[in-house]
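Keeping the supplied structure of chain A fixed, place chain B upon it in accordance with the hints.
Those protein sequence lines, which keep their order, are chains A and B.
For the first sequence, this note's numbering begins at 1 and goes up steadily by one.
For the second sequence, this note's numbering begins at 1001 and goes up steadily by one.
Just so you know, not all the hints are guaranteed correct.
Unchecked claim - Among the chain B residues that face chain A by a calculated CB cut under 8 Å, a handful are:
# : residue
1 : L1115
2 : Y1140
3 : D1287
4 : K1438
No lab work stands behind these hints: they were computed from the structure.
Virtual Cβ for every residue (Gly too), placed ideally from N, Cα, C.
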Amino acid sequence: MSSKKNGKVVSYNKWGYIFLAPFVIVYLVFQLIPLISTIWNSFFENYRSGLTQIGPRFIGLENYITLFKNGDLLTYAKNTMIMWVLGFVPQIIVSLVLGAWFSDTRLKLKCSSFFKTVIYLPNLIMASAFAMLFFTLFANTGPINSILVQTGILKEAYSFLDHTGSARFLVAFMNFLMWFGNTTILLMAGMMGIDPSLFEAAEVDGATSTQVFFKITLPLLRPILVYVLITSLIGGLQMFDVPQILTNGTGDPMRSTMTLIMYLNKHLYSKNYGMAGALSVILFIITAILSFIVFRISTRKD
Amino acid sequence: MKKKVLCALLSATMVAGMMAGCGGSNETPSSAAPAASSQAPAASSAESQAAPAEAEGTVLNIACWNEEFKSRLEDHYPGYEKIDGTTGKIGDVTVKFNITPSDDNAYQNKLDTDLLNQASAAADDKIDLFLVEADYALKYVDTDYAMKLSDLGISDADLADQYTYTQDIVKDSSGALKGSSWQACSAGLIYNREIAKAVLGSDDPDAVQAAVADWAKYTETAAKVQAAGYKMCSVNDTYRVYSNNVSGKWVQDGKIVVDANMKKWVDDSKALVDSKAETTDDLWGDDWAKGKDGNVFCYFGPAWFFNFCLDADREGSVANAGGWGYCVGPQSFYWGGTWICAATGTDNASLVKDIILTMTTDKAVLKEIATKDADCVNSKSVLADLAGSADGNLALLGGQNPYKQLADGAEKVDLSNLSAYDQACNEEFQNAMGNYFKGNGDYDAALEQFYKAVIEKHPELSK
Chain A
1 MSSKKNGKVV
11 SYNKWGYIFL
21 APFVIVYLVF
31 QLIPLISTIW
41 NSFFENYRSG
51 LTQIGPRFIG
61 LENYITLFKN
71 GDLLTYAKNT
81 MIMWVLGFVP
91 QIIVSLVLGA
101 WFSDTRLKLK
111 CSSFFKTVIY
121 LPNLIMASAF
131 AMLFFTLFAN
141 TGPINSILVQ
151 TGILKEAYSF
161 LDHTGSARFL
171 VAFMNFLMWF
181 GNTTILLMAG
191 MMGIDPSLFE
201 AAEVDGATST
211 QVFFKITLPL
221 LRPILVYVLI
231 TSLIGGLQMF
241 DVPQILTNGT
251 GDPMRSTMTL
261 IMYLNKHLYS
271 KNYGMAGALS
281 VILFIITAIL
291 SFIVFRISTR
301 KD
Chain B
1001 MKKKVLCALL
1011 SATMVAGMMA
1021 GCGGSNETPS
1031 SAAPAASSQA
1041 PAASSAESQA
1051 APAEAEGTVL
1061 NIACWNEEFK
1071 SRLEDHYPGY
1081 EKIDGTTGKI
1091 GDVTVKFNIT
1101 PSDDNAYQNK
1111 LDTDLLNQAS
1121 AAADDKIDLF
1131 LVEADYALKY
1141 VDTDYAMKLS
1151 DLGISDADLA
1161 DQYTYTQDIV
1171 KDSSGALKGS
1181 SWQACSAGLI
1191 YNREIAKAVL
1201 GSDDPDAVQA
1211 AVADWAKYTE
1221 TAAKVQAAGY
1231 KMCSVNDTYR
1241 VYSNNVSGKW
1251 VQDGKIVVDA
1261 NMKKWVDDSK
1271 ALVDSKAETT
1281 DDLWGDDWAK
1291 GKDGNVFCYF
1301 GPAWFFNFCL
1311 DADREGSVAN
1321 AGGWGYCVGP
1331 QSFYWGGTWI
1341 CAATGTDNAS
1351 LVKDIILTMT
1361 TDKAVLKEIA
1371 TKDADCVNSK
1381 SVLADLAGSA
1391 DGNLALLGGQ
1401 NPYKQLADGA
1411 EKVDLSNLSA
1421 YDQACNEEFQ
1431 NAMGNYFKGN
1441 GDYDAALEQF
1451 YKAVIEKHPE
1461 LSK
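Just chain A, with the same shape it has in the complex (with noise of 0.2 Å):
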């Protein structure tokens, strides 16, 4: 009987891994192949020249030197920050006080339910198509410059994209509005975890809402936060759609929106996979070191 139950035990465990079989075998063809193929490239010299295939011929070490002589990927990783910081910041303040209102039950907003729907839309658009309307918004005939020159705001039409802050802000200004409505709703999530009796007695103390909301919902939102702003950090890292669209690939002025994955892209037009490989695996360091500082936080909490 026992040695019976026993066997039927084994073979649920066999429909374990059965039911695991499709996400590992999806996980090592998408996933872990082509990173080791990734950095297995990196260490070669292998591009084509028009028609010409170039290597693949075994250099080393020296793509990855290349890549840090010639300063650009200081460069390219400052941009991608930059944008990424001013895109953030706003993000973060907005999404926090978004979210504050909607988990508050004292405020009793109407229609929550559709402005979290109208919040989270612009994630919804494709970035490529967000960044042509803000290309034709913004262009020196777009309807922002002839409304700001007819209402006599600005004499002559301002070229955003042709400005370094500007373009950058324009680039940020996307990002955040894209993104506020997804950390608004995790946020969100966070707050409504909060047991809601340490409202209640703060209430009873007399706490005013900003009290309320820097002594209790910040600190114990804290967990949610640091997810949010890994998690954004390494969506920034690998910002690309938008600068991409926006300047036509160029990154202009002089490269000040390039970021780092569209300075990788530039290497797949002459299928530069040496070259292409070395960043990604400098960006895949980056990537996992910031992944592991999640991962030893929210197991900390646990």
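Chain B alone, transformed into the frame defined by chain A:
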């Protein structure tokens, strides 16, 4: 027990679903494989070019980036039957157009892949004809992937009526001709007659030509145009006029060289931008296109430009009112054009030969193309005909007949300084210098960015 059956069923569906997903993509090659092996003998016999017509394949694959060549074949190739949007039939042979837009280099990427796989592709999948543009023609022509026209049986005598420059573009480094075009895209200056009258006092092509006969005069005129409240054009409009008249190639011995004439473009343009006579608008952009309604003095372009890019069909445009004029401008140049190349390994050699001959040398066909589609065709005698007849008068040019100037221009175009890197260099040079014109960086920084961008595209080069 029931649970076990359910489990088995569930997991079976799951795995089956996965396999089905994978199977879908696998199916095509596996079903294509036997076809490939059965076709192999046919392909190898076709490879010996002298093979008789009956041994030829049943599918003619044409790689191109837009509908242009398709509509030319449909309209002008005798015996061509249209089946649907991308297929047709010539006799027993199915003609397949593989259209990939050239945006973001997609056309070349696709063509590269196809040509690199040409040897192993099934006979019916092999590219037979492909089209190229001048900026990257050498990339294909200077390899063995494009066939010599002489190997197809096309002699120099067949092509004698063509303009020399159209042949220079598609000659490989040993001088063998590997393509042919039905267009001669010599270009000039297209001016707004109304502005010309207001600024220069006359809209006569000769008078305007005198005012823009060289770059010094052009600059003087630009100042007058600016003073009258108009813009001359965009710096990117004049780019090709300078870049066609350089004294050396972009790349010499693996080094990127900025020609003196390119530096002159930068200096001239910077001055004109600073005095607000020229804009820095990107070609084809919204800001640039607004000039078609009347605030810019001129555009630079060939016949296809004034026929297709000036919005003559749109009411309110300058072209609609016949308000443009045409003159040669400061220097002769050419812009664009499409060349037909035969792909090595084609299994339809005699049909390919006939298409090239009919579409690019048959005078009746070329005359038809010129009058029906308003292309400036690659035939000295047809252009001479047009220049002398009312057929060549164009309404959008206010009835002017530009063919004399176009033909003269085509004779003067000199293309000895083409290189396989032209596309990358031209694009990146305009991009990088745009930053300098707009004041985002100085000349040296812009130049640095140009080198950087070209080396990214062609890692084997250095500055």
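Hints, verified against the model:
| no. | hint | in the structure |
| --- | --- | --- |
| 1 | L1115 | holds (7 Å) |
| 2 | Y1140 | holds (7 Å) |
| 3 | D1287 | holds (5 Å) |
| 4 | K1438 | holds (5 Å) |
In this structure, none of the earlier numbered hints is contradicted; all agree with it.
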